[in-house]
Amino acid sequence: MTEKAARFCRELFANVPALLPLEEDFRQAVSLLCGCFRQGGKLLVCGNGGSAADSEHIVGELMKGFLCKRPLTREERAAIAAAGCPDPEAFADNLQRGLPAVSLVSQTALMTAFLNDVKPDMLFAQQVFAYGRPGDVLLALSTSGNSADVVNAAYAAKARGMEVLSFTGEAESRLSEISRITFRAPSRQTFRVQEYHLALYHGLCGCVELTIFPE
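Anchor point for the sequence shown: position 127 equals 127 in our numbering, and the numbering is continuous, going up by one each time.
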């Protein structure tokens with residue numbers, strides 16, 4: 001982590017001290033995601049209900065600037081100019097460097113077709129199996145840790161040579177058994193678990209961004 005990222009990490013745990021037991025897992029997750037993105041990998045994210053909304057939220061923080069601006073590199077700007085844009089400077093000024101992340105919960109046509117034609121609890125697994133490559137990461141959200149469609153996505157990710165990072169409640173679960181890292185939020189109440197998840201993934205997105213884009 002850069003010093004800015006480390007400071008942001010400290011602020012997270014100072015503001016939400018109930019999450020302190022997860023600090024080591026948090027640092028490992030930052031390292032996992034930074035390694036994934038630096039090696040050209042991507043993040044796939046899935047969950048149900050409120051966790052589906054969290055999936056979209058996470059992708060939104062990663063695909064554009066979150067805590068800092070992410071101007072294009074000199075090489076990227078040169079490539080835009082070489083592409084023949086009529087105003088390459090303005091074009092480049094209105095783009096940001098993104099961290100490739102895909103929310104699996106928002107592909108309506110695919111989802112409705114698969115739910116109707118195949119098996120509902122295999123939907124996320126189908127998407128992961130199609131998109132996933134070795135070096136990618138699946139971020140799986142389930143307050144119980146036992147949501148069948150999310151668990152199946154984790155198995156598909158492992159079959160594809162991906163790493164699995166899970167957000168669950170405090171109880172042991174199927175996800176915690178098969179994930180490399182599991183954030184077990186200190187509650188069994190769904191809405192409380194989701195509140196802790198929000199703090200954790202904001203912290204995670206911020207620390208990853210400030211590590212990869214230190215400028």
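Hints should not be assumed to be uniformly reliable.
Under the rule of at most 25 Å between Cα atoms (straight-line distance), these lysine to any residue pairs were calculated in the SDA-like manner [said to hold, decoys possible]:
#, residue 1, residue 2
1, K42, D121
2, K42, I178
3, K69, C34
Just so you know, the hints here were simulated from the structure itself, not pulled from any lab data. This structure is a prediction, so every number in the text was calculated from the model and none was measured.
Evaluated hints:
1. K42 - D121: Holds: K42 and D121 sit about 23 Å apart, inside 25 Å.
2. K42 - I178: 20 Å, holds
3. K69 - C34: 18 Å, holds
Checked against the numbered hints above, the structure violates none of them.
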